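Engineer: Spelled out from the first residue to the last, the chains are:
Protein chains: 2
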Amino acid sequence: MTSDRFTIHLQPIGRRIQIRPDQSILEAAQLAGVEINSVCGGVGLCEACRVRVIKGQLSDPTLDEQNAFSTDEVRQGFRLACQAYPQSDVVIDIPPESLSTPQRLQLESQQKSQELDPVVRQSTVEIQPPSIEDLRSDVTRLRAALQPEAGNLELDYCVIQKLPGLCRSSGWKIQAIFHQSKLIQILPATPRPRILGLAVDIGTTKVAAYFVDIESGGILAQAGSMNPQIAFGEDVISRISYLINHPDQRKHPNQNLLHQRIIEGLNKLIDKMLSEIADPLISHENIVDAVVVGNTAMHHLFAGLPVEQLGISPYVPAVSEALYIPAKDIGLAIAPAALVYLPPNIAGYVGADHVAMLLPTIYPYYSDSDKKHSKVMAIDIGTNTEISLLNNGKITSCSCASGPAFEGAHIQFGMRAAPGAIEKIQITPEKKILYKTIGDQEPVGLCGSGILDAIAEMYSANLIDSKGMFLNNHPNMHIEGRNMEFVLVPAEESGHHQEIVLTRRDVNEIQLAKGAIRAGINILLAEAGLMAQDLDAFIIAGAFGTYIDIRSAMKIGMFPFVPLERCHQVGNAAGAGARQMLLSKRYRQIASELANQIHYIELSNHPKFADEFSKSLFFPAKELSI
Amino acid sequence: MTSDRFTIHLQPIGRRIQIRPDQSILEAAQLAGVEINSVCGGVGLCEACRVRVIKGQLSDPTLDEQNAFSTDEVRQGFRLACQAYPQSDVVIDIPPESLSTPQRLQLESQQKSQELDPVVRQSTVEIQPPSIEDLRSDVTRLRAALQPEAGNLELDYCVIQKLPGLCRSSGWKIQAIFHQSKLIQILPATPRPRILGLAVDIGTTKVAAYFVDIESGGILAQAGSMNPQIAFGEDVISRISYLINHPDQRKHPNQNLLHQRIIEGLNKLIDKMLSEIADPLISHENIVDAVVVGNTAMHHLFAGLPVEQLGISPYVPAVSEALYIPAKDIGLAIAPAALVYLPPNIAGYVGADHVAMLLPTIYPYYSDSDKKHSKVMAIDIGTNTEISLLNNGKITSCSCASGPAFEGAHIQFGMRAAPGAIEKIQITPEKKILYKTIGDQEPVGLCGSGILDAIAEMYSANLIDSKGMFLNNHPNMHIEGRNMEFVLVPAEESGHHQEIVLTRRDVNEIQLAKGAIRAGINILLAEAGLMAQDLDAFIIAGAFGTYIDIRSAMKIGMFPFVPLERCHQVGNAAGAGARQMLLSKRYRQIASELANQIHYIELSNHPKFADEFSKSLFFPAKELSI
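The listed protein sequences derive, respectively, from chains A and B.
Note that the numbering used here has the first sequence beginning at 1, numbered continuously upward.
Note that the numbering used here has the second sequence beginning at 1, numbered continuously upward.
Isolated chain A (complex conformation) (with noise of 0.2 Å):
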């Protein structure tokens, strides 16, 4: 007799789910929302979901896991949580560095002042009490209070529900929340409320939301975290490939997993925030204005919205324009009729996050009639990158899939930019190691900014060459079965007491995603006739953008060389738009405007991609004085 499903506690972290003998036990971290590593998707080949079973009977191992684990790691019980299924109750552990772990997240950006235009305005009204002699609904007399004007005011059913407890319990004096024409929230008038916006960034990888003060457009909150979605795969394709492989999944795109968790680790960061404010008097009813950007596919899967035409050619969006979508309806918490704005999305892989980017970047050179002629490149490097060109007042963008490796995924000792992970590296004319860490702790691996040093610094000194062929120049050089290693900290030193090392696999995964970066670049500068050198400004944002060494990316050629001081790292600039769309209508105009009129280029069908991508994996000449 078999059971129809079987209980797997997940270990360390304590959580207990059920799930069918033919779910995986990767199906069962998702479902219990424990966030486990998967980059492939799923299906056995990122090596990433590695887990231990403790007790218990799970089905035998496949292939893959066969060729992933050593006869002693499957002795221990090691398996692929993709590949294992239950054949019994089990218990699995989880090691941690097959959890998606906390990690230090950028929120900072240069904020310039801004003129204050919200969409959201409050105003007090005093309503006229109901008597036997006049016998008028609620609504009635709150129109009456409000003439003349609200001529045309469109209520929401939410403000309705709360309207006659609130004019009893406060005296009949309430303060109204507009969005626009449309009263979106009443709250109390006395004392006068603080109404705020919530701004949001959903990176592929990361998230990072803001409170801002609509009335005077400071921030009073921030707060990031992983993007929960992790466990459905690291990168936009494998969470597209999960819900194409789920058609249960797809079939109410706003009750998909993928969907729920979004909205689930958005509104744990609007409670982190709250109770960092910790004013009695500011509550989720509060928060009365939102603006969310992200890629195209976070945009959708943020909405609701259905994402697996994303993952077939010729990769349209379901909605490129604005959006506003009522926050009830997708649950997110705050107050229930606050629209949320989404910025236009400009194709399958431009979303709403590069046009909110380009309003502190690209934009202030375009509508300044004097820089208007500017030669400017603005990039946002992520798991996939988007860059934008303005030239001769035209904005042209392209967007390369440059893959999860800079957030430290498929290298061997990659981590994310958590403590202990190398952020930089230097090798001395002495051919010494010299490594910082984040938080100054001991070393345990590497994150983006470390590893694209760590191959610069080799490149210069001659320990690979440019085609990233490992040089037995180094005493740290090793080889491990036919694959060359360079030893960056010996096990003595580090963490876990492991070797730290760079293996030619590693480095070939840069030269992936850097020559997808540079192919971009390359192929948007040529089809405006430009060198890089013409280039007035080049404007790196994202986090990882902000904490790598220019000259490290210059050297192994990801950036043509640009004089250093036309060089801007800029940190997030897709949150710093969203906060500017926030507090300004004409800001919201803007984006549609630059979204209408930017001329994207599909790289994937351009004639020249393929030859500019393998060119740009190569390291270039040395000679360029950086």
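No wet-lab data here; the hints were simulated from the structure.
If chains are identical, the list can't say which one is meant, so a pair holds when it fits in one copy or spans any two.
With a Cα cut of at most 30 Å, we get these calculated DSS-like pairs of lysine-lysine: (1) 585 to 182; (2) 371 to 585; (3) 375 to 622; (4) 585 to 328; (5) 328 to 182; (6) 268 to 328; (7) 585 to 375.
Just so you know, these numbers come straight off a predicted model, no measurement behind them.
Guided by the hints, dock chain B onto chain A, whose structure is given.
Structural biologist: Only chain B this time, still in chain A's reference frame:
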């Protein structure tokens, strides 16, 4: 040690539920969705919630319970569910008479042919598929396909969710369904879909629902049920009291149990009608419009609006203007973006159902220049009775708290209009008692029309006097304690082998109910300076009003004398009015115009009400030649 939860096992239904020791057995039944009769709202007065404890320990009987039961009944374990609290796990038996039973519902009403001018319309759209050269989003290409038709097209978010999937599964040919200029639904274009509207009349006791073909105007299905809110009290005031006494239920009006129960009840009716139609091409998605009418409290509870202020003088509604609520916001199982139309309310106790009822009754006179100066009274008898009078082209309305006696409540052998209910009674000159039951089954009780006949016939036969006192003029007249009762059916003839009697107290209940109605009629007539004989038409709507013998109603003075040929029993006019609004934009506008122009008289404040009411308690002189 006391447990903080006890399990209540409800027999014979077989439901189990856990409650706290401070929750009554009535609350347990309500939470479990078991509809126990409760007229007084759970304060121990109506004695309608009789149950029997089979096993386990309850709190000691209260004084109200000691009065309600004989020593023998106490010994058998009889309790009032509202007064009994668990002190251990208990098994409770609910006798059938304490359950709201299925009953005959009235759905038919005189439907005239009507202009078809619906708010919702459909059209076929052929959309250009995307290609490598045309990467526009699905929404952008939908807009292009709708040009120039849809200049200002508003798209519901639910439509965007469906669009990518539907376009790709239907070969880019879809059916677009518009509510005015808003796109609310998309469906496969082949075969051309049928689009349905839902009309609902929510009565305090009964609910009637209809599917209408929006394009042909035909009724496709109809269904009725009890209002599941009955478990929380039989009349409006009891239900409002329930919410006033349960602050946790009030906090989120759209989550309170009364709101949830009516939505669940309607969703069951929708499912029932869909399975009746049994057309694989017609699903919830095809129901793209809805009109819902009910008295003001039913309207508010359906819409998830607070009702507490309806229970407190001066009894003002939260809203009186017409509302459009997205179906998804209240969980009604039709197309999620369909906009549910709620016609305007007139006052705290004259609701949208009365406005709907006026459309097929008074409005044809009101709008016809030849008939505009007719004097017409329309009356909708229910637990609350609304009356309108057209005079000199103006409409005046009032509302009377007639109570649930006509539904069989408060009457010893009263029952709803279910099989075995005596619906007609005659006392012959030889003092023989003739009766007719619903379904011609053995009699088990009296429904409203039977009670009315019984009293009218007893009065004619000199068995009661004009004050309702029983006269010992018949062998069936018995004295029971201090009360008299009249045996209508001997024990050997009845379905339960008990005598079916009418008591002095029963007659008194009817006197109170008919007195309230007659006082309302008299005050409306007096305000207009009219006599009943001046009326050109006297229109009686509603289930009870359709089945009663009008002569009986006149004999006992519930109605004034109006020549019978001017009396019209029209069935569920509120439901008919709801269907008219479903099929015609114009009727929605008329509803708003009527609601605005009606002069409402609040009887509870009227100087003549007390006087008219006490006069109307008596039976009139018998000389009227009916």
